[in-house]
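J.: Spelled out from the first residue to the last, the chains are:
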Amino acid sequence: MNTNSDFLSPSDEQLRSLLRESRPAADLPAGFANAVWRRLDLAESAVNAPLPVDWLDQAVAWLLRPRLALAAAAALMLIGATLGAREGMGLSQQAAQARYLAAVSPLTANP
Amino acid sequence: MRRSLVILVAVLLAAVAVAGFSYFAARQFCVQHLARNGDDLEWLRMEFHLSDAELARVRKLHEGYLPKCGAICEQIAARKLELEAAFAASTNAVTPAVQQKLGEIASLRAQCQAQMLQHFHEVSQAMPPEQGRRYLAEMQRLTLGFHEQFENRMSGPAHAHGHH
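Chains as they are written, first to last, in this note's numbering: chain A, -18 to 92; chain B, 2 to 165.
Among the hints, a few may not be true.
[As the list claims (entries may be wrong)] Cβ-to-Cβ under 10 Å is the rule here; a few derived chain A residues that face chain B: (1) Val17; (2) Asp38; (3) Gln39; (4) Ala53; (5) Ala54; (6) Ile60; (7) Arg67; (8) Gly69; (9) Gln74; (10) Arg80; (11) Pro87; (12) Thr89.
To be clear, the hints were calculated from the coordinates, so they are not data collected in a lab.
Since we're looking at a predicted model, the values are computed, not measured.
Don't be surprised by glycine CBs; every beta carbon is placed ideally from N, CA and C.
Take these sequences, add in the hints, and give me the full structure.
T.: Following this line, the structure appears as structure tokens:
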């Protein structure tokens, strides 16, 4: 089977070397290859790293996300305050009712 | 694993603390701010959504009613003292004098109750119709219902005669 190089003429070879010279490759910084290998190793180790040991670790990691923690705290405060306000309003309503009843109907309070 | 468990327990405790603190703070705030007003009629204003003008009308009736109610209560208190004296004089026997005092007290109580019901009727007329009806029903439930409960308890199986 013929390849392109089989058909290259000496002028093509010259053309190729001219093209190579017209696009000079920039010099790589020192230690570039080492840095590349290091990054490849890191990426590989991250892919192969074991996931959190069990569901508890995962749950805790999930719970401790700042956005979620903040939202949960706000929701708990809102629920607590709503229930507390409801209870407080009921209690003060009862106290006010007892006060009125004691004023208009002493016999009910002290039969 | 153990560290995660500690963190989870701490998170749960913090959640309970946050919710609990919010609950008690809001509850206390409401109790203090809504009960701060020492007005006898505050309940009417809140429960029956009375306007200032309606509340003023009710207040006038209330202030007119209180001295009359107080006068009957004083009479009842005086008759009670007389009853105690009559009872002590009869060495705890139910004499005609004791019966007479009991009758006087019952009559005064009936008078007090009639006056109270009349007052409730007048107050209900000073409210918007729907609120007035609700007020009257509620007050009858709270005052007459109280006696009914008492009588029902007394006439219950534990107090039924002839079953001992």
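J.: When the structure is checked against the list of hints, which entries are broken? Sort them ascending.
T.: 1
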